[in-house]
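Engineer: One line per chain: the protein sequences are A and B, in this order. The opening position of the first sequence corresponds to residue 1 in UniProt numbering, with each subsequent residue numbered one higher. The opening position of the second sequence corresponds to residue 1 in UniProt numbering, with each subsequent residue numbered one higher.
You may find that some hints are simply not true.
Stated by the list, open to error - Below 20 Å or equal to it, Euclidean Cα-Cα: the simulated EDC-like pairs (lysine to aspartate or glutamate) are:
hint, chain 1, residue 1, chain 2, residue 2
1, A, 194, A, 183
2, B, 76, A, 139
3, B, 76, A, 126
4, B, 220, B, 191
What the hints assert, rightly or not - Here are a few chain B residues that face chain A, going by a calculated C-beta distance under 7 Å:
hint, residue
5, 40
6, 42
7, 121
8, 130
9, 149
10, 152
11, 153
12, 175
13, 258
14, 286
15, 287
16, 294
Claimed, not checked - The calculated label-pair distances, taken between Cβ atoms and stated as ranges, are:
hint, chain 1, residue 1, chain 2, residue 2, range
17, A, 198, B, 42, 21 to 31 Å
18, A, 71, B, 114, 38 to 48 Å
19, B, 212, A, 189, 51 to 61 Å
Note that these hints are calculated values from the structure, not bench results. Ideal Cβ placement from N, Cα and C applies to all residues, glycine included.
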Amino acid sequence: MAAKGRERPSGWYMVPVMTFFGVFAILPMVLVVYLSFTDWDGFGFPSLSGGGNWSRILEDREVRSSLVLTLVFMVLGWVVQTPIAMMIGVWAAGRQRNRAVLSSIFFLPVLLSTAAIALLWNSVLDPNFGLTQRLPFLDQFSFLGDRTLVIFTVAWVLTWQYVPFHTLLYQSAARGIPVSIYEAATIDGAGRYKQFFSITLPLLRYTLITSTVLMLVGSVTTFDTILLLTGGGPGTATRIAPLYMYITGFTGFEFGYASAIAVVLLVFGAGLSLAVTQLTGFRKMSSQQEGS
Amino acid sequence: MSITQSGTPMATPPASAGPAASVIGPKRRKVGREKPNYLAGVLSVIWLVLVLVPLYFMVSGSFRTRQEYLRDNPLKLPSAPTLENYESVFTGGFGRYFLNNIIVTVGTVAIVVALVVPAAYAVARNASPMVQRGFSLMLIGLAVPAQAVIIPVYLLINQLQLYDTLLAIILPTAAFALPVAMLVMTNSLRDIPAELYEAQTLDGAGPLQTLRNLVLPLAKPAITTVSVFTAMGAWNGFLFPLVLTQSREQRTLTLGLQTFSSQFGTNVPGLLAAITLSLLPIFFVYLFGRRYLLGGLTAGFGK
Numbered sequence: 001m002a003a004k005g006r007e008r009p010s011g012w013y014m015v016p017v018m019t020f021f022g023v024f025a026i027l028p029m030v031l032v033v034y035l036s037f038t039d040w041d042g043f044g045f046p047s048l049s050g051g052g053n054w055s056r057i058l059e060d061r062e063v064r065s066s067l068v069l070t071l072v073f074m075v076l077g078w079v080v081q082t083p084i085a086m087m088i089g090v091w092a093a094g095r096q097r098n099r100a101v102l103s104s105i106f107f108l109p110v111l112l113s114t115a116a117i118a119l120l121w122n123s124v125l126d127p128n129f130g131l132t133q134r135l136p137f138l139d140q141f142s143f144l145g146d147r148t149l150v151i152f153t154v155a156w157v158l159t160w161q162y163v164p165f166h167t168l169l170y171q172s173a174a175r176g177i178p179v180s181i182y183e184a185a186t187i188d189g190a191g192r193y194k195q196f197f198s199i200t201l202p203l204l205r206y207t208l209i210t211s212t213v214l215m216l217v218g219s220v221t222t223f224d225t226i227l228l229l230t231g232g233g234p235g236t237a238t239r240i241a242p243l244y245m246y247i248t249g250f251t252g253f254e255f256g257y258a259s260a261i262a263v264v265l266l267v268f269g270a271g272l273s274l275a276v277t278q279l280t281g282f283r284k285m286s287s288q289q290e291g292s
Numbered sequence: 001m002s003i004t005q006s007g008t009p010m011a012t013p014p015a016s017a018g019p020a021a022s023v024i025g026p027k028r029r030k031v032g033r034e035k036p037n038y039l040a041g042v043l044s045v046i047w048l049v050l051v052l053v054p055l056y057f058m059v060s061g062s063f064r065t066r067q068e069y070l071r072d073n074p075l076k077l078p079s080a081p082t083l084e085n086y087e088s089v090f091t092g093g094f095g096r097y098f099l100n101n102i103i104v105t106v107g108t109v110a111i112v113v114a115l116v117v118p119a120a121y122a123v124a125r126n127a128s129p130m131v132q133r134g135f136s137l138m139l140i141g142l143a144v145p146a147q148a149v150i151i152p153v154y155l156l157i158n159q160l161q162l163y164d165t166l167l168a169i170i171l172p173t174a175a176f177a178l179p180v181a182m183l184v185m186t187n188s189l190r191d192i193p194a195e196l197y198e199a200q201t202l203d204g205a206g207p208l209q210t211l212r213n214l215v216l217p218l219a220k221p222a223i224t225t226v227s228v229f230t231a232m233g234a235w236n237g238f239l240f241p242l243v244l245t246q247s248r249e250q251r252t253l254t255l256g257l258q259t260f261s262s263q264f265g266t267n268v269p270g271l272l273a274a275i276t277l278s279l280l281p282i283f284f285v286y287l288f289g290r291r292y293l294l295g296g297l298t299a300g301f302g303k
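Taking the hints into account, I'd like the entire structure generated from these sequences.
Structural biologist: What follows is the structure, given as structure tokens:
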């Protein structure tokens with residue numbers, strides 16, 4: 001590196017990270033497509049076997065119903081989690097002492113691992129020894145056993161798990177809004193709710209989109225909470241598509257077919273996040289931000 | 001940011017207390033007009049209960065004997081607190097899982113930091129298209145969740161003959177933490193003024209010396225953020241250990257919890273003790289460095 005000064009690092013500084021990322025992240029993305037054209041059962045090295053998995057996937061009712069269920073959880077999760085996270089986030093952005101104390105408690109679930117959360121709720125809702133079975137009113141419900149109720153149960157546990165994270169996003173964004181805007185609005189006579197809808201909400205657009213994309217992609221691919229909480233049951237009542245992929249592969253040893261499902265999920269997730277960012281004009285917004 | 005005037009939206013003071021408090025209190029940002037936000041107060045108390053009850057159930061349950069757990073009201077304080085559940089958790093192999101978790105977490109963080117600091121330095125100071133394209137490629141990785149490629153990762157680890165080792169967990173965990181780590185680290189190094197880099201050149205320092213004398217000291221906050229983010233992911237990771245290991249000796253905490261839950265069966269207090277223990281280290285970090293922890297968690301996704 002001559003002319004422009006000797007301090008500048010060469011491209012070699014990137015090589016270790018790119019190699020590592022290439023082998024353990026990029027290569028798997030390519031391999032999953034390859035695997036979707038094989039009959040790999042988990043032993044030996046997979047060899048190509050044609051498009052059988054793909055014609056099968058088109059006719060598989062289980063795939064279709066698990067995708068529909070995934071969409072149900074996605075919509076339910078977004079509708080429930082977004083308002084809660086936004087309200088708490090904006091509320092927690094205030095610098096009052098009591099808010100600081102309370103929000104430090106609100107954020108606690110973020111410390112627990114997925115396994116801890118799923119197993120804790122499993123004990124809380126256990127049909128024989130659970131907490132809910134020993135409380136008045138709640139004891140009449142079979143939260144994990146009823147095929148309809150279980151959907152709301154799972155949605156609730158996911159809410160409990162993920163709302164703190166999204167709250168953090170909204171909190172830091174809301175703290176970035178200049179106080180002077182609110183002061184001006186107060187002088188103009190705008191009340192609290194008017195201020196929320198005409199100042200806070202529009203200025204949180206960027207965060208709303210980030211949070212939405214994370215939720216959408218997450219609900220298409222994440223299944224570990226459900227795996228531990230219900231195992232997809234009762235029956236197939238909570239067997240969302242990524243969980244179906246996992247079970248097909250690691251329980252049924254049909255890794256080729258499971259890979260085909262994984263490809264569908266990857267495309268689905270990427271398409272969703274692209275659609276959201278395009279539809280909301282996210283790109284325009286981020287370039288505006290850079291300009292300012 | 002609906003700001004309440006009087007500090008306590010939870011309390012329900014008489015209507016006159018709001019303005020009165022703002023007169024007595026120190027200098028406020030907004031004077032007079034606002035009443036306490038009762039709606040926010042009520043909702044936040046409801047949410048508080050929903051968050052705390054399961055956690056209280058977990059901690060208090062872990063100190064109950066099994067008989068007491070089955071007999072008593074689970075919301076009462078334990079009448080005769082006991083440590084026997086914690087003992088049974090440790091005799092159940094928890095110490096080993098704990099150690100494995102520490103190895104996995106430390107190993108993952110070490111790999112990520114060691115790889116990311118020099119690479120981010122190159123991205124911040126080397127405008128060549130190859131370097132910048134490599135960076136863009138990594139950022140695409142932000143959108144690819146590990147779960148969706150768990151099968152090829154399983155194949156890869158098998159082919160590398162790493163199946164059922166701690167390294168099998170460490171390598172992919174580190175790889176999927178890289179995009180966020182690169183993003184955070186690069187942004188931080190780009191914020192270092194160009195003059196400081198140029199001063200290094202004037203002093204006759206090459207890239208390696210600049211990395212040591214300038215980049216490393218100034219990147220400390222970013223390294224903390226990246227470490228926290230990576231460590232949380234590694235400590236709490238479930239899927240890679242589940243799929244890439246099988247023997248008892250290689251089991252991590254999260255996997256251990258799952259084993260406890262099937263092993264203990266009806267021993268709910270035992271399971272609750274195990275869950276509580278698995279949470280403790282992170283809880284202590286949270287107590288003493290909440291800002292770092294929460295900042296690290298949302299790293300790369302903040303505004």
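Engineer: Please go over all the hints and tell whether each is borne out by the structure.
Structural biologist: Evaluated hints:
no. : hint                      : verdict
1   : A:194 x A:183             : holds (13 Å)
2   : B:76 x A:139              : holds (17 Å)
3   : B:76 x A:126              : holds (18 Å)
4   : B:220 x B:191             : holds (13 Å)
5   : 40                        : holds (5 Å)
6   : 42                        : violated (12 Å)
7   : 121                       : holds (5 Å)
8   : 130                       : holds (5 Å)
9   : 149                       : holds (4 Å)
10  : 152                       : holds (4 Å)
11  : 153                       : holds (5 Å)
12  : 175                       : holds (3 Å)
13  : 258                       : holds (6 Å)
14  : 286                       : holds (6 Å)
15  : 287                       : violated (9 Å)
16  : 294                       : holds (6 Å)
17  : A:198 x B:42: 21 to 31 Å  : holds (24 Å)
18  : A:71 x B:114: 38 to 48 Å  : holds (41 Å)
19  : B:212 x A:189: 51 to 61 Å : holds (58 Å)
Hint compliance for this structure: hints 6 and 15 are not met, and every other hint is.
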